[in-house]
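S.K.: One letter stands for each residue in the lines below.
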Amino acid sequence: MRTFDDDDTNHLFILERAGFGALIEALSDAEYEVIAPTIRDGAIIYDAIISEVDLPSGWADDQQAGRYKLKRRNDEALFGYAVGPHSWKKYLHPPEQLLWRAKKKEGGFDIHAAPIDTRKRAFLGVRACEIAAIEIQDRVFLRGPHIDEAYRARRENTLIIAVNCGDPAATCFCVSMSTGPAVRSGYDIAITEIISEDRHHFVIDAAGDAGRTVLKHLPLRPAGKKGLQAAEAVTAHAQQQMKRSLDTDGLQALLQNNADHPQWDNVASRCLSCTNCTAVCPTCFCTTVEDHTDLSGENAERVQHWDSCFSGSFSELGGAPVRRSTKSRYRQWMTHKLSTWIDQFGTSGCVGCGRCIAWCPAGIDITEEAAAIRKGANS
Amino acid sequence: MKQGHHQTHDSIPAIATVKTKRWEIEGVAIIDVKLSTNQRAWAQSKPGQFAMLYGFGVGEIPISFSTLPSAEGRVSFTIRRTGAVSAALTRIKCGGVIGMRGPFGNGWPIEQLAGRDVVIIAGGLGVAPLRPVIDYLAFGRSDANRATLFYGAREPAAILYTKDIERWRNAGVDVHTTVDTASHDWRGNVGVVTSLLSGVPLDSENTVALICGPEIMMRYAAEALKDAGVSDEDVWLSLERNMKCAIGFCGHCQFGPAFICKDGPAFAYDQIRSNLFVREL
Ligand SMILES: Cc1cc2nc3c(=O)[nH]c(=O)nc-3n(C[C@H](O)[C@H](O)[C@H](O)COP(=O)(O)OP(=O)(O)OC[C@H]3O[C@@H](n4cnc5c(N)ncnc54)[C@H](O)[C@@H]3O)c2cc1C
Ligand code: SF4
Ligand code: SF4
Ligand code: FES
Chain A
0 MRTFDDDDTN HLFILERAGF GALIEALSDA EYEVIAPTIR DGAIIYDAII
50 SEVDLPSGWA DDQQAGRYKL KRRNDEALFG YAVGPHSWKK YLHPPEQLLW
100 RAKKKEGGFD IHAAPIDTRK RAFLGVRACE IAAIEIQDRV FLRGPHIDEA
150 YRARRENTLI IAVNCGDPAA TCFCVSMSTG PAVRSGYDIA ITEIISEDRH
200 HFVIDAAGDA GRTVLKHLPL RPAGKKGLQA AEAVTAHAQQ QMKRSLDTDG
250 LQALLQNNAD HPQWDNVASR CLSCTNCTAV CPTCFCTTVE DHTDLSGENA
300 ERVQHWDSCF SGSFSELGGA PVRRSTKSRY RQWMTHKLST WIDQFGTSGC
350 VGCGRCIAWC PAGIDITEEA AAIRKGANS
Chain B
0 MKQGHHQTHD SIPAIATVKT KRWEIEGVAI IDVKLSTNQR AWAQSKPGQF
50 AMLYGFGVGE IPISFSTLPS AEGRVSFTIR RTGAVSAALT RIKCGGVIGM
100 RGPFGNGWPI EQLAGRDVVI IAGGLGVAPL RPVIDYLAFG RSDANRATLF
150 YGAREPAAIL YTKDIERWRN AGVDVHTTVD TASHDWRGNV GVVTSLLSGV
200 PLDSENTVAL ICGPEIMMRY AAEALKDAGV SDEDVWLSLE RNMKCAIGFC
250 GHCQFGPAFI CKDGPAFAYD QIRSNLFVRE L
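These protein sequence lines map, in sequence, to chains A and B.
Note that numbering that gives the first Met the number 0 has the first sequence beginning at 0, numbered continuously upward.
Note that numbering that gives the first Met the number 0 has the second sequence beginning at 0, numbered continuously upward.
It is worth saying that the hints were derived from the structure and are not from the lab.
A portion of the hints provided could be inaccurate.
[What the hints assert, rightly or not] DEER-style ranges, computed between Cβ atoms: (1) 375/A <-> 279/B: 17 to 27 Å; (2) 295/A <-> 184/B: 13 to 23 Å; (3) 168/B <-> 374/A: 54 to 64 Å; (4) 292/A <-> 94/B: 17 to 27 Å.
Only a predicted model underlies this, so the values are computations on that prediction, with no experimental measurement involved.
For every residue, glycine included, the Cβ atom is placed at its ideal position computed from N, Cα and C.
Required output: the full structure, derived from the provided sequences and hints.
M.R.: Structure, rendered in structure tokens:
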């Protein structure tokens with residue numbers, strides 16, 4: 000936790016709402032492609048933006064199990080919503096990626112690795128839970144015995160501009176997962192949006208050098224202790240508002256020791272095995288590959304794309320899936336997220352963002368399912 | 000887009016030329032290939048490790064080394080033709096070229112065999128990943144005490160490596176074979192491979208077992224060894240799951256907390272016993 004020392008506010012500044020557009024310009028001037036929340040097809044998604052008018056000003060989201068709807072706010076907040084169906088994963092670990100190309104030649108073939116994307120990107124509006132999700136994928140792709148160089152290049156070329164949450168959705172449970180709502184680390188710049196009756200401004204936290212360089216020409220004023228307190232109040236409010244929770248106590252062993260719990264059959268009767276939850280989840284990393292040739296048969300390529308443990312081909316072995324039943328697939332998904340992930344990567348695979356709850360067509364709620372397994376469980 | 004550095008070689012196949020190919024038994028081919036690059040790194044491979052073999056434009060599958068890569072980059076694989084990729088790999092003629100990534104996986108616990116009685120239990124094609132370890136026990140600088148191979152096949156015509164079996168016998172490996180079904184002229188054992196175990200006395204305290212075959216066979220074999228007093232830590236099983244990457248990224252090979260591609264494929268029984276009894280894990 001932060002302390003309220005005077006020294007501690009050196010990196011905090013005030014940016015008035017009128018000056019916010021200059022931040023996006025400064026990012027563009029520094030040759031970043033700016034990716035930010037924007038409205039598309041009735042949802043707030045992440046895409047490249049050109050200016051502040053592309054941001055979802057004055058919009059909020061109403062999220063429930065199996066439901067996501069935009070609604071107007073009674074103010075013009077730029078970040079007055081929680082997370083939508085997209086996550087930053089689509090940039091750092093893209094849904095589809097060419098791995099290499101092969102070309103036939105006399106007596107064989109040559110293989111050429113796909114060029115690596117080194118474009119500079121600024122992610123504007125990254126929530127605390129999303130930073131946690133990115134750091135979880137870092138462990139998958141950068142901290143194991145093998146390193147995904149393409150991921151590393153994209154990751155290293157990304158500037159993270161975080162936003163502290165003020166209004167969590169009803170599906171959020173980051174407090175239980177200790178990932179939010181306040182941004183604590185892993186960012187270059189962090190923003191807290193503060194709106195009162197007569198004023199709309201931001202407290203800007205410039206943590207690192209990359210962030211400070213971008214902020215250099217912005218109309219900033221020191222925020223001081225008062226600025227810090229105002230920013231802390233925003234996330235404290237968000238924390239109080241959060242109604243959903245997940246009891247993680249002993250969950251790692253609990254799930255692995257209860258593979259035959261009757262609740263798995265219960266949830267399987269509702270689950271459609273549609274793969275929505277794994278697609279929206281910011282930490283799910285699974286992929287498959289496809290090998291193709293062109294019509295001449297001379298050129299081949301391997302393309303990687305997102306896969307899901309809910310698909311039948313995922314566990315195929317000798318002509319049939321190992322996980323035939325929906326029960327076994329849901330069990331794999333939830334046990335991986337909340338339990339075996341800890342064995343594998345030293346952290347839960349769930350950051351409490353609530354996406355899988357809102358985007359499940361059957362309204363299945365991971366927090367309720369975990370609680371149901373806990374009831375009547377083997378220890 | 001600026002073009003930067005490239006993917007690591009973990010995900011880019013090396014090129015290998017098929018030197019010989021023969022059908023060992025109906026539907027199972029042995030190919031002997033020569034790597035064109037990086038032979039030195041491949042020569043570090045260990046028994047029980049595997050490679051991802053690529054058939055041009057068709058796909059890539061995990062296949063165990065059935066002999067280890069030599070310093071000159073020669074290595075052989077035993078491949079059962081089942082689906083698209085294995086069919087493409089076994090269709091290739093001498094002089095043809097395949098892609099190859101690896102070596103992957105942990106391999107058998109060779110370091111733990113010194114001074115021990117090594118019991119090897121193979122079912123069907125499961126003998127392929129065991130072949131380098133049997134070669135090592137028979138002909139290598141192994142300090143193991145005694146080596147016994149129990150090998151079960153569907154029928155006499157499905158027994159792989161018949162020539163090697165003779166060589167292993169001559170080198171002092173105690174080889175027991177059995178088949179599920181046989182005609183009258185078969186003079187050997189009939190019955191599941193685990194039934195052979197009871198006929199051979201075990202020094203249970205000093206035994207290390209290496210098992211590979213169909214999962215159900217491995218379960219029975221491991222339980223039989225447990226009943227015979229062999230410690231679960233000394234019983235090793237090589238597991239198989241769908242694999243797309245072999246480097247811990249694709250998620251397909253998960254078996255509970257384990258990634259079979261990087262934590263396995265060989266696991267001590269005490270590490271996986273409870274999960275082996277969970278259906279559809
Ligand atoms: C560590 C390891 C070592 C292996 N060693 C050998 C060996 O030495 N010799 C041998 O003949 N076979 C071996 N196998 C099994 C071999 O990989 C499969 O037979 C092969 O993947 C089948 O692919 P296919 O395209 O021919 O068949 P299809 O049935 O068309 O397979 C489609 C896809 O499913 C997956 N798949 C299907 N069956 C398996 C399977 N049994 N294991 C893993 N993935 C599968 C593959 O991704 C494959 O691309 C090994 C498997 C593993 C995991
Ligand atoms: S499991 Fe659900 S709540 Fe947890 S990180 Fe994934 S999408 Fe978010
Ligand atoms: S939950 Fe399923 S799709 Fe997501 S990372 Fe785990 S195995 Fe992969
Ligand atoms: S094969 Fe991809 S993670 Fe193991």
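S.K.: Identify every previously stated hint that the structure contradicts and give their numbers, smallest first.
M.R.: 2
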